[in-house]
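A.B. asks: Protein chains in written order, with numbering that gives the first Met the number 0: chain A, 0 to 400; chain B, 0 to 252.
Source of the hints: derived by calculation from the structure; they are not laboratory data.
Keep in mind that the hints are not guaranteed to be accurate.
[Said to hold, decoys possible] Straight-line alpha carbon distances no greater than 25 Å define the calculated DSS-like cross-link-like pairs of lysine-lysine that follow:
no.: 1; chain 1: B; residue 1: Lys53; chain 2: A; residue 2: Lys395
no.: 2; chain 1: B; residue 1: Lys53; chain 2: A; residue 2: Lys24
no.: 3; chain 1: B; residue 1: Lys140; chain 2: A; residue 2: Lys24
no.: 4; chain 1: B; residue 1: Lys116; chain 2: A; residue 2: Lys24
no.: 5; chain 1: A; residue 1: Lys30; chain 2: B; residue 2: Lys130
no.: 6; chain 1: A; residue 1: Lys30; chain 2: B; residue 2: Lys140
no.: 7; chain 1: B; residue 1: Lys224; chain 2: A; residue 2: Lys24
[As the list claims (entries may be wrong)] Examples of chain A residues lying across from chain B (beta carbon under 8 Å, computed):
no.: 8; residue: Thr14
no.: 9; residue: Arg17
no.: 10; residue: Lys21
no.: 11; residue: Lys24
no.: 12; residue: Asp25
no.: 13; residue: Asp29
no.: 14; residue: Gln219
no.: 15; residue: Thr220
no.: 16; residue: Glu222
no.: 17; residue: Pro223
no.: 18; residue: Leu225
no.: 19; residue: Ala226
no.: 20; residue: Asn227
no.: 21; residue: Ala229
no.: 22; residue: Lys311
no.: 23; residue: Glu394
The structure displayed is predicted, hence computed values, not measured ones.
For glycine and all other residues, C-beta sits at the position ideal for the given N, C-alpha and C.
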Amino acid sequence: MMKSTEKGEVMGNITVLRVVSKELKDIIRDKRSLFISLVFPMLLFPLIFGAFESSLLSPDTGRDEKIKIGINITGDNRAEKIISLHENITLLKSDDPVEMLKQREVSAAVTVNGDSEEEIIITADNSRRESVSAATAVAALFSAQAGAEEKGNESDLKNRINEGKGASLFSVSSRTLYPPEIGSSMLTLSIILPLLLMTFTSVSTTAVAADLGAGEKERQTLEPLLANPASRIQILAGKFLAVTIMGIAGVLSFTAGIVISYFINPDFLGTGPLVFTVKGAPLAVLCIQTILLSMIFGSAELALSISARSVKEAQLMFIPLLMVSMACGYSVTMITPESGAAEVVRHIPLVNIGLLIKEISLGSASGADIIATLAWSVVYTALFLAAALAFFSSEKVILRS
Amino acid sequence: MLSLIGITKKFPGQMKPAAENITFEVKQGEVAALLGENGAGKTTTLRVISTMLKPDRGTCTVMGHDSVNTPGRVREAVGMLLGGETGLYDRLTARENISYFADLHGMSREVQKENIKALAGILGMEDYLDKRCGTFSRGMKQKTAFARALIHNPPVILLDEPTTGLDVSSSKTVRDFIIRCKDEGRTVLFSSHNIDEVKKLADRIIIIHGGIVRENRTREELINKYGDDLESVFISITSAGNDEEHRERGSNG
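Go ahead and model the full structure; you've got the sequences and the hints to work with.
C.D. replies: If you want it as structure tokens, here you go:
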């Protein structure tokens, strides 16, 4: 004798968990989705970097923006005049220009000691490309000035050599804020982390999201599913959690690929041995942001998938989203966190997340920016979930096939 | 048990309602057939009963529960099977497919286990209960879908063209299933355009055409009124409906 449903016995959150459990079971048994979501990402980087040993980094290109240089002069101000010759440089006087550099208020710090024998120390933040470029540009100015002075006053030059003062009119030495491997690692991470995390999170959820939304229509399981007492919110919540879990698993798989690449060749990016400089609280924020990114893309792709007629149509709809995510990740590589442009992009969806990841990798993320960006991530997820629920509740969308 | 009063449903962008003023009642233990051609409004009617669609007008109640105001109660009372395709998760086993729907009905694992065992025995599914559905023949899939629809022991069963596209043996499985449901005292409403099937299985025949109920009688009443040749009856009723539509179109210019 069959028994009937015991009302109110197992509902609510347990139903959501049972939906998650079923969806994960279904996903794990789909070898193709599993390969695309988990195995392929792990293989991708070792294959790319192992085979080609190529570099992701391109030489820095010149900028038209004014370069801010912090300067501390204790002697005469000839050095200041020389630097001022460069029309794109703005000098900011300070007792401690290196601190200004650390605070990212300037692109390079110049300290001038002495009177006629000028000892010039140029300090660059070697975790920032623009800082290294700025310091190089300042050093070049002194070099050019010294060359011009040597040509214009040959007798003075001879006297200097005879007096044992050296041929150069300046003693220019360069320093960096961080040890070379740390600086180059920070620079590398600030470029690749936003790009990779945006790409990983958006790609990791595609196969699963397509199956959990449009796949239900394609195999004609959606109507029986929705004809159950479980609410659509519960079913959607279960699907969303399953997509998010697979998204996070995908990111972990990508990360494992990078770790494998590192063990094969620590210089796998061609930028010197990589040191992961993000630790402690910033690392925790990075992990939270990555989970939120998976949730954003998971909810967006689930919404698109539910609205699609078929898995094929869903995959077609994902393409613009993936392109946008990659473009956002790439665009962040062009943005200097302290610039005016950064303040503008802080309000642009996804780009602001990429910018935060960049700032975290450079160790310059502020508490306010972290909170604002995490809050925006939650808002984006909520909006996409609301859209997914609206699609899930729409007769027109549900019965479209 | 199952009652529709004046159900009307029109889809956006369509000139005519897919279902217009649909009114009928199916008593407990009765097997009723919605007989109509493709596009007659059979599926729309079943979708309104199953709460998949909200009617624009009218009232639908199942076991006294209103499909709009208490859809959860209606879903608890209904077991549904849509089309010849069974809509199963291929990567899950038959047991997992059935169990998932039991979960969604809020059934405890113990009750699920008991019911699955009982259904597997009744439907002869013991041998493949723990095999993945992707490897099943159509008949095996059909039985799994039946078990899924019955797992929560619903008093009302809705079947939308259950034999469409099925081979002879699978169609027989469906017919046996309907007869078993009737024997168990369940109320069954199925849609079909197969007159022989309807004649063989249905206690009540509801002929639907152009979204309108043209006839609603017991099989005996229908035969008494029109004779035994149901096919001719069906054609004459639907032709009359077509003529009516043409006249309406003509008078509307």
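A.B. asks: Give a verdict on every hint.
C.D. replies: Structure-based check of each hint:
A C-alpha spacing of about 11 Å is found between Lys53(B) and Lys395(A), which places the hinted pair at or below 25 Å, so the restraint holds. Distance restraint check for Lys53(B) and Lys24(A): the Cα-Cα separation of roughly 33 Å exceeds the 25 Å cut-off, and the hinted pair is therefore not satisfied. Restraint check for Lys140(B) and Lys24(A): satisfied, since their Cα atoms lie roughly 20 Å apart, inside the 25 Å limit. For the given pair, Lys116(B) sits about 22 Å from Lys24(A) by alpha-carbon distance, which is consistent with the 25 Å threshold.
This hinted pair checks out: Lys30(A) and Lys130(B) have alpha carbons roughly 17 Å apart, not beyond 25 Å. Distance restraint check for Lys30(A) and Lys140(B): the Cα-Cα separation of roughly 22 Å lies within the 25 Å cut-off, and the hinted pair is therefore satisfied. Between Lys224(B) and Lys24(A), the direct Cα distance comes to roughly 56 Å. Violation of the 25 Å bound is thereby established for this hinted pair. Hint status for Thr14(A): holds, given a least beta-carbon distance of 7 Å to chain B, under 8 Å.
Checking Arg17(A) against chain B by beta carbon gives a least distance of about 4 Å; that is within 8 Å, so the hint holds. A hinted interface residue such as Lys21(A) counts as satisfied when its beta carbon comes closer than 8 Å to some beta carbon of chain B; here the least separation is about 5 Å, so the hint holds. Proximity of Lys24(A) to chain B holds as hinted, the smallest CB-CB distance being about 7 Å (cut-off 8 Å). A hinted interface residue such as Asp25(A) counts as satisfied when its beta carbon comes closer than 8 Å to some beta carbon of chain B; here the least separation is about 5 Å, so the hint holds.
Interface restraint check: Asp29(A) against chain B, minimum CB-CB distance 6 Å, threshold 8 Å, status holds. Because the closest C-beta pair between Gln219(A) and chain B is about 4 Å apart, less than 8 Å, the hint holds. Because the smallest distance between the Cβ of Thr220(A) and any Cβ of chain B comes to about 4 Å, under 8 Å, the interface hint for this residue holds. Evaluation of the Glu222(A) hint against chain B yields a held restraint, the C-beta minimum of about 5 Å falling below 8 Å.
The closest approach between the C-beta of Pro223(A) and any C-beta of chain B is roughly 5 Å, which is under the 8 Å cut-off, so the hint is satisfied. The criterion of a C-beta within 8 Å of any C-beta in chain B is met by Leu225(A), whose closest approach is roughly 6 Å, and the hint holds. Hint on Ala226(A) holds. Least Cβ distance to chain B is approximately 5 Å, under the 8 Å limit. At a threshold of 8 Å, the smallest CB-CB gap from Asn227(A) to chain B is about 4 Å, leaving the interface hint in force.
For the restraint placing Ala229(A) at the interface with chain B, the shortest Cβ-Cβ distance is roughly 4 Å, inside the 8 Å limit, so the hint holds. Because the beta carbon of Lys311(A) sits about 18 Å from the nearest beta carbon in chain B, more than 8 Å, this interface hint is broken. At its closest, the beta carbon of Glu394(A) sits 6 Å from a beta carbon of chain B; the interface hint therefore holds under the 8 Å criterion.
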